[in-house]
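**Q** Sequence:
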Amino acid sequence: MSSEHLAQFGRRYTDSALSEALSALGTAGPGTPPLDAHALARRLGALTEAAQKSREPLSLELMLTRIVALITDAFDAERSTLFLYDADSDELFSRVAQGRLVREIRFSARSGIAGAVFLTGEPEIIADPYADTRFNQAIDLETGFRTQSILCVPVRSWRGETIGVTEVLNKRSGPFTPADAVLLQAFTAHMSTAIENAHLFERARVSTREESQLMEVTQALSSELDIDTLLRKIMSIATELLDAERSTLFLHDPVRNELWSRIAEGVGAKELRIPADTGIAGEAFTRRTPINIQDAYGDPRFNPEIDRRTGFRTRSILCVPVINKLGLATGIMQVLNHRHGVFSLRDQRRLELLAAQSAIALENARLFQEVLQERNYNDNVLRSLTNGVLTLDLALNVVKVNDAAATLIGREPGRLLGASVEDVFGNGRAWVRRAVKRVAASGTSDVTMDGLLRGADGNGTSVNLIVSPLRDPESRVIGYTLVMEDITKEKRVRAAMARYMTREVAEQVLAQGEAVIGGRFQLATVLFTDIADFTTIAERIGAQETLALLNTHFGEMVEVLFAHGGILDKFIGDGMMAVFGTPFPGAQDADNAIAAAIRMQEALALFNRRRTAAGTPPLAMRIGINSDQVVAGNVGSSRRMDYTVIGDGVNLASRLEGANKVFGTRILTSGLTVALLKERYVLRELDLLRVKGKANPVAVYEVLGFADRELPSGRAELLGHFARGLASYRGRSFGAAIAHFERALAVDPRDRPSLIFQRRARRYDAVPPPEPWDGVWSLGTK
817 MSSEHLAQFG RRYTDSALSE ALSALGTAGP GTPPLDAHAL ARRLGALTEA
867 AQKSREPLSL ELMLTRIVAL ITDAFDAERS TLFLYDADSD ELFSRVAQGR
917 LVREIRFSAR SGIAGAVFLT GEPEIIADPY ADTRFNQAID LETGFRTQSI
967 LCVPVRSWRG ETIGVTEVLN KRSGPFTPAD AVLLQAFTAH MSTAIENAHL
1017 FERARVSTRE ESQLMEVTQA LSSELDIDTL LRKIMSIATE LLDAERSTLF
1067 LHDPVRNELW SRIAEGVGAK ELRIPADTGI AGEAFTRRTP INIQDAYGDP
1117 RFNPEIDRRT GFRTRSILCV PVINKLGLAT GIMQVLNHRH GVFSLRDQRR
1167 LELLAAQSAI ALENARLFQE VLQERNYNDN VLRSLTNGVL TLDLALNVVK
1217 VNDAAATLIG REPGRLLGAS VEDVFGNGRA WVRRAVKRVA ASGTSDVTMD
1267 GLLRGADGNG TSVNLIVSPL RDPESRVIGY TLVMEDITKE KRVRAAMARY
1317 MTREVAEQVL AQGEAVIGGR FQLATVLFTD IADFTTIAER IGAQETLALL
1367 NTHFGEMVEV LFAHGGILDK FIGDGMMAVF GTPFPGAQDA DNAIAAAIRM
1417 QEALALFNRR RTAAGTPPLA MRIGINSDQV VAGNVGSSRR MDYTVIGDGV
1467 NLASRLEGAN KVFGTRILTS GLTVALLKER YVLRELDLLR VKGKANPVAV
1517 YEVLGFADRE LPSGRAELLG HFARGLASYR GRSFGAAIAH FERALAVDPR
1567 DRPSLIFQRR ARRYDAVPPP EPWDGVWSLG TK
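Under this note's numbering, the first residue of the sequence shown is numbered 817, with each subsequent residue one higher.
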């Protein structure tokens, strides 16, 4: 190419990206094949056309199609593809590829040649793709196409961000050159703004469509009262919204503990039932967490039996739990087979929103059906309802009212019948009248959460109000129903319980009533903590810093406690008391207590690192754990009640916490707790102790950590010597015991249990204990 031609083209094209391309062509080395003027004119003509077309408002599909066509023509190639980056799924995708493949292609932004270029931001020329290990031959095998050479460059926005990559395949006129790479980069850089605009336009269009669909769901929730019809509508929207092939809703059958499909697309009227604790749906239900499976048959949890029964082929699965207002899982919603790849995190969030709305729909529909049935019952059945129920005719006069509603309103039931809504809900209750009028105008249900229903004395009651139209069998509106749920006590109790138990446990207590906390004799695991030498620390740092230190320390320990299902019983000075298994016992209570103790020590270690870095001394904490039958319930006076546990088992846990001072240990637990453990831990049996005030001895174990953690160097050897020494000691072979304990001390001279037993063995070796001797040691201090 002559300098005269370059100058001529340079005068015609002033865009910076084109200038860069011309500069690169003008400075190509002697090894680069020369390009004639016609070839360059054709290539720059393609760029000119692209620059002109970029100013037209195009859809993303049309934009990609046009750009790919221009690239293919400008570079005299057989095929071209432009991949854009999808940040939601961390994938590269293309809506158009020349040849037979015209569907959307998606793959990880970190795989293949395209992924490498996207990550590095550097162009690559691949002369022999089949010799490159990054090349994916699957598409060639699928289409029959043979990729012979590749030019791949990053697509950068005007901000310098890499937003995709462009691949050009099989240049007809020879191999790809560095000049081609520069020109292609210039081309894509020039077009990046138009590409981004088209992409943003498409996302806006998709968002608008999603908003419309979600609005349709919202309208369905407020207007549709038949559960089956409502859920079919929701699942149809879920399939469309998530671009899936099928959707299924499984509801939980608590009697049989099964998940069964009420709405399952593609299976007609057939009912599907699966165990509630197996498979992908079962795991999502029991764990109450979303599960996103990209390859169903590659997941061992997937049950292909339903596919065999229905003739359907499941590829990808997105499954989310349906959670009701109490936080309990009532079902599972799943969508199958994303039409363009796998389900993204954005898809998961949208399905979770639909599941939440479905839970509301089920609850509202169930409540409405109950209220509709109650209208046909006699007054005795109506009075048995705990929620306040009041029905109005079309003139908004009271037709039916139960005792609970009359109590909330503050009038006798007889004086309410026939009264107008303006009379019943007068001063301070206008929000109820407005809710009724909204339902009368729209014909749909209206829900008000935590409204204040004021009485004649000015005091208020917190209620959840649902106003729904009453319909006859022909769906004609014949009146309105008001359902009032008194949540005043629930709010007060929830606020109180949140101080010492997790939200989930508090919700269970509220659901099961006061009988749970009224007092019961049950098995529980009790945990005590205490900071070593805290009195000395407090005297040194002063009152304000002492409180700040305790608040920070307790804050971190309580988070660990709640994470393992524990109940905070009380703070005791610089220590605390926690309980596992009350008010709801579980099989893992002992394990949860042991795990919490280990995690507390780990959290304290991190806390001490921060203190050391700040120039303050570290803290040491002792923990004692015991399991036993205790009395659990509210204890106190009429002015103040605390939920707590009492009994000998509680006292023993406290004694074990104090016994750490004797043995120089951090966590001690009893044999009663060890017998209940389901998981494996590193434990060291220390002694048989008869604590002060107790007649029966108890086995004491040191908790060293989780079994799957690697022990410090030499620790396993020390534990072996100690175990053999303890066996010899209890067998009255005191000389052998001394030798084993000395070997343990040779590994770690600071191991106080080995030192204690060495001294005991020496004492008994010199003066043997009288018969009978059971090896029990009396612990005199508390």
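By construction, these hints were calculated from the structure, which means they are not laboratory data. In this text the structure is predicted, and so the values were computed from the model without any measurement. Each hint should be verified, as a subset may be incorrect.
Cross-link-like lysine-lysine pairs, in silico, DSS-like; alpha carbons within 30 Å at most [as the list claims (entries may be wrong)]:
hint : residue 1 : residue 2
1    : Lys987    : Lys1049
2    : Lys1305   : Lys1141
3    : Lys1049   : Lys1253
4    : Lys1477   : Lys1386
Pair ranges (Cβ atoms, derived) [as the list claims (entries may be wrong)]:
hint : residue 1 : residue 2 : range
5    : Gln1110   : Ala1421   : 37 to 43 Å
6    : Ile1462   : Gly1591   : 30 to 36 Å
7    : Arg1162   : Gly1452   : 37 to 43 Å
8    : Gly1234   : Ile1462   : 54 to 60 Å
9    : Ala1364   : Ser1549   : 23 to 29 Å
10   : Arg1089   : Ala1539   : 48 to 54 Å
11   : Ala1364   : Thr1024   : 47 to 53 Å
Backbone N, C-alpha and C fix where the C-beta goes; we use that ideal spot for every residue, glycine too.
**Q** Take the hints in turn and mark each one as holding or not.
**A** Do the hints match the structure? See the list:
Distance check on the hinted pair: Lys987 and Lys1049 sit about 51 Å apart at the alpha-carbon level, beyond 30 Å; violated. With a C-alpha separation of about 17 Å, the suggested pairing of Lys1305 with Lys1141 holds against the 30 Å cut-off. Restraint check for Lys1049 and Lys1253: the C-alpha separation of about 27 Å stays at or below 30 Å, so the hint holds. Note on Lys1477 and Lys1386: the hinted pairing holds, with a Cα-Cα distance of about 22 Å set against a maximum of 30 Å.
Range check, Gln1110 to Ala1421: Cβ separation about 38 Å, and the 37 to 43 Å hint holds. Distance hint check: the CB atoms of Ile1462 and Gly1591 are about 31 Å apart, consistent with the given range 30 to 36 Å. For the pair Arg1162 and Gly1452, the supplied restraint of 37 to 43 Å is violated, since their beta-carbon distance comes to about 51 Å. For Gly1234 and Ile1462, the hinted distance range of 54 to 60 Å is satisfied, since their beta carbons lie about 56 Å from each other.
In this structure, Ala1364 and Ser1549 break the distance hint of 23 to 29 Å, their C-beta atoms being roughly 54 Å apart. Range check, Arg1089 to Ala1539: about 51 Å between beta-carbon atoms, so the 48 to 54 Å window is met. Separation of Ala1364 from Thr1024 is about 52 Å and conforms to the stated range, judged on CB atoms against 47 to 53 Å.
Violated hints for the displayed structure, listed by number in ascending order: 1, 7, 9.
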